[in-house]
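J.: Heads up: the protein sequence lines correspond to chains Y and B, in order. Quick note, in our numbering, the first sequence goes up one by one and the last residue is 155. Quick note, in our numbering, the second sequence goes up one by one and the last residue is 1377.
Keep in mind the hints are simulated off the structure, nothing from the lab. No false leads were mixed into what you were given.
Cut-off 20 Å, straight-line C-alpha distance, at most; resulting in silico cross-link-like pairs (SDA-like, lysine to any residue):
1) K121(Y) to T1023(B)
2) K106(Y) to D1019(B)
3) K55(Y) to Y12(Y)
4) K121(Y) to D1058(B)
5) K1078(B) to L1029(B)
6) K121(Y) to L1022(B)
7) K121(Y) to H1043(B)
8) K1078(B) to A117(Y)
9) K121(Y) to F1035(B)
10) K121(Y) to S1041(B)
11) K121(Y) to D1020(B)
12) K87(Y) to L1029(B)
13) K106(Y) to V1060(B)
14) K121(Y) to W1044(B)
15) K1042(B) to R132(Y)
16) K1038(B) to E129(Y)
17) K121(Y) to K1042(B)
18) K121(Y) to L1029(B)
19) K106(Y) to L1029(B)
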Amino acid sequence: MSYSKTIVLTNYDGETFVVDEVVAVEPQTIEHMIEDGCANTSIPLPNVTSKILSKVIEHCKKHVETPNSNEKAAKADLKSFDFDFVKADQGTLFDLILAMNYLNIKELLDLIYQTVADMIKGKTPEEEEEMRRVNAWVFSCFVGVTCLYFKSKKM
Amino acid sequence: MVNKLRVTHESGAIVGSNDDLLTEILRRLPFTSVFRFKSVSKHWHSLLSHRSFTLLYDNVPVSPGLFLHDLYIPFDLKNPSPPPFRTRDFYPNRDFGIMQSCNGLLLCCSRRKYYVVNPTTKKFAIIPSVIGGSDARRTIGFEGFMGLAYHRADLHYKVVCLRDVSRYGRLFQIQIYSSNTGKWRISKQSIRASDYPGDSTLFCFVVYWNGAMHWIPGVDLVYFKLDQEKLKMMSLPERDLSSPRDEAPLYFGESGGHLHLVESISRKHRSRLNVYEMLSDYSGWVIKYQVELDELRPLYNNSRGVGNYRLFEVFDVVRGEDEEESAFMVVKIQDKIIRYNFVNKSYEHIFDLPSHLCNQGIGYNNVHRYIPMLSSF
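Work out the full structure: start from the sequences and follow the hints.
T.: Pasting the structure below:
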């Protein structure tokens, strides 16, 4: 298999992305599709928006380009890249979870799960009232609506 | 601050309705949040209480701190994650105390009755009296001769009791209690103290590791394999000949699946410590870390005290998941509790002891690691 080959990815909005195969096979799902010969024209990724797909490609590129060495500098560089990568708003993080889960990129998924967990864990609330408020907010994050209880609340 | 966040994306709802994805997020929370979030919704409550979640959560044991009498000492000042109880709960009076910590469970004793406690869920079980009636109970009155064996992969624990059947600590009967059967049983093996020269009262301190109970009664390590019920012996690390072994090691304990022993290199060089690790097939001790106590000299109120046993004690050796970065030792230097990182040799002052504990030896046997665990037993 030559690595100069490119792969076309078509996303949810019908937009196409041309990427090097070596980058495209980072996600296991795409690798399997290529192996199974489903990638002759383009790979449809109907679950992924262009914003998220370009983020995913950016991530795969970085990880492919960084030399696979044990060098401390390279490792630290990748670490700081990942650190910046997950500095996103909550909606994007959830989108990324769904996309990464679909594309099967385990390493990055771990990092995003941890980021969301850190986001919702907050500080240990001292008061019952505060605790209820945090719980309501967490609930709202995972049901997709803002809870009336704290919409009406001045903080 | 909560108000500033915009109405959440619908992808949050998709993640929230997918138990696999939700579990992946929730298992990364600190246990305090896990308890709190049980009241987020009925769905979360059942998810977070389910055995499959608690087993997954407990899979990676992390220890956030130590119990020392009625104090709790967090290892990480930035993230103290206080336990969901007050340490005083264990010490309502002087009679109730922790004897041993083993992979998340505590063996406690109050008025000669023994309890196995999960301090995180506050669940406890009473251990019935050993075989032999009230006579037997009396001989075990001295705290130490009970030991707890618990491995996270098992749902059951065992308690091992060494019962002095000779008087004067010459012959110990071994009794084993299993939470599975709820009964005590006398093992065919017994411990003849004369086979292990030393101080038989040192059988009071026991370490569970690798499916066996370990004691250091004197010059040897004695261990009892629980599955085969076999008693075995092994020598301690070799010492400088000029220093006869007449002292108990500075520290002896388990962490992250490793059995550790800390000793000063020799009587002459008390400020140099070796941290040994036992190979898992018992083929020998290897030096895992070396520590120069002189590095800690600035912490002493006066520098003559470096290496002085009464002023310096090793409380714990903790190995984390990421060994390279997180192996550390918790030591007492006069009134300070210090966390010393083996790898980058940095140290951090994490706790101040109250004055009545400063100038006395405390002993690592009186310090018990806290390991949060959600599973019931």
